[in-house]
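Chemist: Chains Y and U, in that order, are what the protein sequence lines are.
All letters in the first sequence, in the order written, are residues 1 to 154 by my numbering.
All letters in the second sequence, in the order written, are residues 155 to 495 by my numbering.
It is worth saying that the hints were derived from the structure and are not from the lab.
A couple of the hints might just be wrong.
Unchecked claim - What follows is a set of in silico ranges between Cβ atoms, one per label pair, in the way DEER data are often shown:
no.	chain 1	residue 1	chain 2	residue 2	range
1	U	Glu456	Y	Asn149	39 to 47 angstroms
2	U	Asp483	Y	Asp95	49 to 57 angstroms
3	Y	Asp130	U	Asp483	49 to 57 angstroms
4	U	Leu438	Y	Glu5	53 to 61 angstroms
5	U	Lys310	Y	Glu5	48 to 56 angstroms
6	U	Lys366	Y	Asp130	38 to 46 angstroms
7	Y	Asp142	U	Asn389	23 to 31 angstroms
8	U	Leu438	Y	Ala70	39 to 47 angstroms
9	U	Lys388	Y	Tyr132	13 to 21 angstroms
10	U	Ser448	Y	Asp130	49 to 57 angstroms
11	Y	Asp130	U	Gly338	41 to 49 angstroms
12	Y	Lys84	U	Glu352	44 to 52 angstroms
13	U	Arg203	Y	Lys154	49 to 57 angstroms
14	U	Leu214	Y	Tyr132	41 to 49 angstroms
We treat Cβ as the ideally placed atom computed from N, Cα and C, and that holds for glycine.
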Amino acid sequence: MDKIEITSKSELDTKLLGKLVSNYLEVGDIVFLNGDLGAGKTKLVEGISEGLESPQTTKSPTFVLIHEYASKIKIYHCDLYRIKNEHEAIDLNIDEKSEDGIVIIEWPEIAKSILPSPSIEMYLSHCDNDNYRKIIIYNYKDMGIDEINKEFNK
Amino acid sequence: MFVLGIESSCDETSVGIVDGDGNVLSNIISSQVDIHSFYGGIVPEVASRQHISHIQKVCLAALSEASIDWSDIKLIAVTNGPGLAGSLLVGVNFAKGLSASLGIPVFPVNHMDGHIYAAWAKTDQNKLLDFQSLVGEQNITCLVVSGGHTDLAILKKYGEIKLIGETKDDAAGEAFDKVARILGLRYPGGPEIQKVAEKTNEVDSLPRAWMKGTDNFSFSGLKTAVYNKVKKYKNDKNFSSYIPILANSFQESVVDVLFTKTINVALREKSSGIVLAGGVAANLPLRNQFLEHSPIPVAIPEFKLCTDNGAMIAMAGLVNYNLRTFSQDFDVKPNLRVGEL
Numbered sequence: 001m002d003k004i005e006i007t008s009k010s011e012l013d014t015k016l017l018g019k020l021v022s023n024y025l026e027v028g029d030i031v032f033l034n035g036d037l038g039a040g041k042t043k044l045v046e047g048i049s050e051g052l053e054s055p056q057t058t059k060s061p062t063f064v065l066i067h068e069y070a071s072k073i074k075i076y077h078c079d080l081y082r083i084k085n086e087h088e089a090i091d092l093n094i095d096e097k098s099e100d101g102i103v104i105i106e107w108p109e110i111a112k113s114i115l116p117s118p119s120i121e122m123y124l125s126h127c128d129n130d131n132y133r134k135i136i137i138y139n140y141k142d143m144g145i146d147e148i149n150k151e152f153n154k
Numbered sequence: 155m156f157v158l159g160i161e162s163s164c165d166e167t168s169v170g171i172v173d174g175d176g177n178v179l180s181n182i183i184s185s186q187v188d189i190h191s192f193y194g195g196i197v198p199e200v201a202s203r204q205h206i207s208h209i210q211k212v213c214l215a216a217l218s219e220a221s222i223d224w225s226d227i228k229l230i231a232v233t234n235g236p237g238l239a240g241s242l243l244v245g246v247n248f249a250k251g252l253s254a255s256l257g258i259p260v261f262p263v264n265h266m267d268g269h270i271y272a273a274w275a276k277t278d279q280n281k282l283l284d285f286q287s288l289v290g291e292q293n294i295t296c297l298v299v300s301g302g303h304t305d306l307a308i309l310k311k312y313g314e315i316k317l318i319g320e321t322k323d324d325a326a327g328e329a330f331d332k333v334a335r336i337l338g339l340r341y342p343g344g345p346e347i348q349k350v351a352e353k354t355n356e357v358d359s360l361p362r363a364w365m366k367g368t369d370n371f372s373f374s375g376l377k378t379a380v381y382n383k384v385k386k387y388k389n390d391k392n393f394s395s396y397i398p399i400l401a402n403s404f405q406e407s408v409v410d411v412l413f414t415k416t417i418n419v420a421l422r423e424k425s426s427g428i429v430l431a432g433g434v435a436a437n438l439p440l441r442n443q444f445l446e447h448s449p450i451p452v453a454i455p456e457f458k459l460c461t462d463n464g465a466m467i468a469m470a471g472l473v474n475y476n477l478r479t480f481s482q483d484f485d486v487k488p489n490l491r492v493g494e495l
């Protein structure tokens, strides 16, 4: 397991991180995104989705819990923000979905006990500078994290 | 002719009945908002279970309040998407069962279109505007704003609805809910923010995402801007008096962007009218902005028809029955977008 910490200095940075991460994603991968409201989780998903050349708009799935995007690899974009306990996440069939695509889960905390282990987990947090975000990446797969290090920790 | 409309796409089980002239005879809504408020939002599993236990009672209550009998119903309209699959299934299966037993047609309605056609319902205060009588002949610009959607669409000839703009991140109603949470207000956020904002006329500067060159919206940046303001001032001793100012500024930013972009589209698309619909259309400052400042006639459903309800689905069935052909063979479509069938 690798862990790196980077600072995103703008929404564009966060999106770029998503694009870099997307290079290493394949069917079956599960990505956890943790962070407060407005930390940039959906922006990161937008970067991943663009990196995988999805023609579809990524939108917040808070209301409907899950969105599906067609791209080079199918992307399932889940959001457990409104869920109160793990039982309510069972309906989403995350295990089944990871069989034919990448599953990205925002606010996974509440349902961690029933969710499969992530391939990558990220923690996004606000900084004193309104535009900056601290992002900690836990890399549980053999991902070329050097490239991300090179880009952000120059 | 009486049309029965069934709505169960999200957290309301509702059945409404309208007559052939678009008068709403009954509109029973069994709200789950208390249950979901406890959970801080809508929970799919809880929602579908509630629909099953409510739908028959709600339907019988609608018939009773309209003082009509099963045999008077000539058409059933039911929401088949978008929404939560389990919840939609309850309504669609109930509607199909009724259709088979009564021997009358059942018409699938896109929930988002239902919001739009709520503006065609006749009420005491609300007479149809000229452009509404000519529906299907001239372009009508529609803004549908709710917890899950912010859609700009053109209602064209023969009832065809074309989506031309949507949110790229958070829906307007979702932004209200999340900003309410950031400000420590209750769920649902729309009415709370409106109420708190009424305490002040002051505004602080907050951004507006114009998404220039497109007809799309974005409210995520605005949400983050409110978050940053709270972060900056939360330890200030006057913070509690700053909350109404933030609520007011947030609301003003949302209203400004929704109004300006909708008017631009309406003028460009040579629309004969504008329909403002969806749950967020119950927001008073938004309604007033449209009613007082639009250069083009504006129709907005009355308050109780803005949020999810069965009468709006019945209205969509009634208006479209004469405009469109439809198939009896349909299924639930959780991902339906505005204008799709």
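Chemist: All hints, please: hold or fail.
Modeler: Structure-based check of each hint:
1. Taking 39 to 47 angstroms as the suggested C-beta distance range, the pair Glu456(U) and Asn149(Y) does not conform, at roughly 58 angstroms.
2. For the hinted restraint 49 to 57 angstroms between Asp483(U) and Asp95(Y), the CB-CB distance of approximately 32 angstroms leaves it violated.
3. Between Asp130(Y) and Asp483(U) the beta carbon distance is about 53 angstroms. The supplied range of 49 to 57 angstroms therefore holds.
4. Leu438(U) and Glu5(Y) have their C-beta atoms about 46 angstroms apart, which leaves the hinted 53 to 61 angstroms range violated.
5. The hint said 48 to 56 angstroms for the Cβ distance between Lys310(U) and Glu5(Y), and at roughly 52 angstroms that hint holds.
6. Distance hint for Lys366(U) and Asp130(Y): a CB-CB separation of about 22 angstroms, inconsistent with the stated range 38 to 46 angstroms.
7. The supplied range of 23 to 31 angstroms is broken by Asp142(Y) and Asn389(U), whose beta-carbon atoms lie about 44 angstroms from each other.
8. At about 40 angstroms, the CB distance of Leu438(U) to Ala70(Y) agrees with the hint of 39 to 47 angstroms.
9. Lys388(U) and Tyr132(Y) have their C-beta atoms about 18 angstroms apart, which keeps the hinted 13 to 21 angstroms range intact.
10. Distance hint check for Ser448(U) and Asp130(Y): the Cβ-Cβ separation is about 35 angstroms, which falls outside the suggested range of 49 to 57 angstroms.
11. Remark: the range hint 41 to 49 angstroms for Asp130(Y) to Gly338(U) is contradicted by a beta-carbon distance near 20 angstroms.
12. With their beta carbons about 31 angstroms apart, Lys84(Y) and Glu352(U) fall outside the hinted range of 44 to 52 angstroms.
13. Arg203(U) and Lys154(Y) have their C-beta atoms about 54 angstroms apart, which keeps the hinted 49 to 57 angstroms range intact.
14. Roughly 58 angstroms separates the CB atoms of Leu214(U) and Tyr132(Y), a value that falls outside the hinted 41 to 49 angstroms.
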